[in-house]
Amino acid sequence: VRAVPAIDVPALPTDRRAAVTALFHAHNRALVRLASLLVDDRETAEDVVQEAFISLYRHWTGIRDPGAALGYLRAATLNLSRSRIRRRRRELSLVPSELQPVAAADVSALTRDATDEVMRVLATLPRRQREVVVLRYYDDLSEAEIATTLGISPGSVKQHAHRALTALSQRLEAST
Amino acid sequence: MTDMERTLAVALRTRAAEVDDAVDARRLAEQLARRLDAEDHDRRVRRSVVAVAAALLLVAAGGVAWRVTAQAGHQPAGPSQRTTSPSPDTNPPTGVAPRQRDIPLVQRYHSRVQHYSLSYPAGWSRSPLPQPWDFPHALESSTATADLFATPTGSLLGWRSWDGSVIVQSEPIPAGMTSDQWVASINGVFKGGQCSAARERTSIDGHPAWIRGAAGTCGPGDIVAVVTSGHRGYVIAGFPLSTPHLAIVETALLQRIVASMQLTG
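Chains as they are written, first to last, in our numbering: chain D, 1 to 176; chain W, 1001 to 1265.
Be aware that one or more of the hints could be misleading.
As the list claims (entries may be wrong) - Listed next, with one range per pair, are the computed distances between beta-carbon atoms:
(1) W:1113 - D:163: 42 to 50 Å
(2) W:1022 - D:111: 41 to 49 Å
(3) W:1112 - D:18: 41 to 49 Å
(4) W:1065 - D:18: 30 to 38 Å
(5) W:1102 - D:126: 40 to 48 Å
(6) D:151 - W:1122: 21 to 29 Å
(7) W:1025 - D:113: 44 to 52 Å
(8) W:1200 - D:126: 29 to 37 Å
(9) D:163 - W:1174: 30 to 38 Å
(10) W:1174 - D:126: 54 to 62 Å
(11) D:86 - W:1202: 28 to 36 Å
(12) W:1001 - D:175: 47 to 55 Å
(13) D:113 - W:1043: 46 to 54 Å
Claimed, not checked - Below, a sample of chain D positions facing chain W; criterion: calculated Cβ distance under 7 Å:
(14) 27
(15) 29
(16) 37
(17) 53
(18) 70
(19) 125
(20) 162
(21) 163
(22) 165
Hints in this document: simulated from the structure, not taken from any laboratory.
In this text, a Cβ means the ideal position worked out from N, Cα and C, and glycines have one as well.
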């Protein structure tokens, strides 16, 4: 997102290469974590984030402040994760595996199995619902920020989140 | 937060932490450096190819022009041939794309939410904001807080870079605030920001307005206009695009779009 008057934003190096490298050191880990929740494996997530930074480097003239750059990176990471998932499904004809029963998750300390189960159920959600849930409950973005990142209205964000939570509850309960 | 939401948040953080432990930051930084080197190399190669192609075109065009001139010089003058002295050609050559400032603004958009209308060129996309402007987020521009009019090339990877676009935001002037106070509050934000530059008095649809060309970290040629009409205040911003291989949107075109506005607040 580009703020019309950029207010009190720390300046990036003026050199494109130095600026992208600085952004990489600041945000690479967080973006890899975010991507890994969408593509399910670390190697693909790392690759997706590298591509997002390369894309930022290519389109640097359109980016003029750090806030906009991070927004661009987040959106590019989501878009690239999406296309990786599509490609993978095409190549392997992946169908979400059948859910296995799992014990009710303990909120304070989820077991490895419970975490796996939540992640597996999450993977069965429609793509948009999954993205909204990850941005909301992992990245702690507000509805407005999610709307901006995904290019949808705040109302849609609310709807996707509600549907995702309902589906997750039902599917996790059904599996217990 | 419900139990389900807490469970979800914990699961996501647990999985993310597992990934984080395995990330080799140094290896990834080296990998990125190599890929950026390759990117720079490709860019240099592309530029060289374009330069060579342009040079070849120039040589070819020069050859054609020389042949035409040579043929004209050898053509015998017949009785019907006029011998009037040459006059300067006032018509533009055909086949040349119109200058940006001359592109007609053929599409008209009326916003009932933001109470204005404006004209913009054919082929530009329009993304009206889905709900009224929320003032605390007033100056953060996004498709959620502004009407966006953009040249199609302004969209990259599904992400709008804002270049080659005009955005419009407006809100009712808060109770107890005069128009001048509202304008002053908006201009105060600009003054403290990085887009500070000399502003000048102008008018939009007959209403007094401030318009400024941005500077500093804002792009050269950016324009930001602040205007009120009745009990409503507007901020209109235009961002030129100067990517020759994609498109060029000049500030003059952005100014014409802003000048086409009618304010109905």
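Now the hints, each set against the structure:
1. W:1113 - D:163: 42 to 50 Å: 27 Å, violated
2. W:1022 - D:111: 41 to 49 Å: 20 Å, violated
3. W:1112 - D:18: 41 to 49 Å: 47 Å, holds
4. W:1065 - D:18: 30 to 38 Å: 46 Å, violated
5. W:1102 - D:126: 40 to 48 Å: Cβ of residue 1102 (chain W) to Cβ of residue 126 (chain D): about 47 Å, so the range 40 to 48 Å holds.
6. D:151 - W:1122: 21 to 29 Å: 23 Å, holds
7. W:1025 - D:113: 44 to 52 Å: Since the Cβ atoms of residue 1025 (chain W) and residue 113 (chain D) sit about 30 Å apart, the hinted range of 44 to 52 Å is violated.
8. W:1200 - D:126: 29 to 37 Å: 51 Å, violated
9. D:163 - W:1174: 30 to 38 Å: 36 Å, holds
10. W:1174 - D:126: 54 to 62 Å: Given a distance of about 41 Å, which is not inside 54 to 62 Å, the answer is violated.
11. D:86 - W:1202: 28 to 36 Å: 49 Å, violated
12. W:1001 - D:175: 47 to 55 Å: 22 Å, violated
13. D:113 - W:1043: 46 to 54 Å: Taking Cβ atoms as reference, residue 113 (chain D) and residue 1043 (chain W) lie about 49 Å apart, which means the hint holds.
14. 27: Constraint on residue 27 (chain D) not satisfied, violated at 11 Å.
15. 29: 6 Å, holds
16. 37: Holds - the Cβ of residue 37 (chain D) comes within 7 Å of chain W, reaching about 6 Å at its closest.
17. 53: 6 Å, holds
18. 70: Interface hint status for residue 70 (chain D): violated (12 Å vs cutoff 7 Å).
19. 125: 11 Å, violated
20. 162: Interface hint status for residue 162 (chain D): violated (11 Å vs cutoff 7 Å).
21. 163: 13 Å, violated
22. 165: 6 Å, holds
Violated hints for the displayed structure, listed by number in ascending order: 1, 2, 4, 7, 8, 10, 11, 12, 14, 18, 19, 20 and 21.
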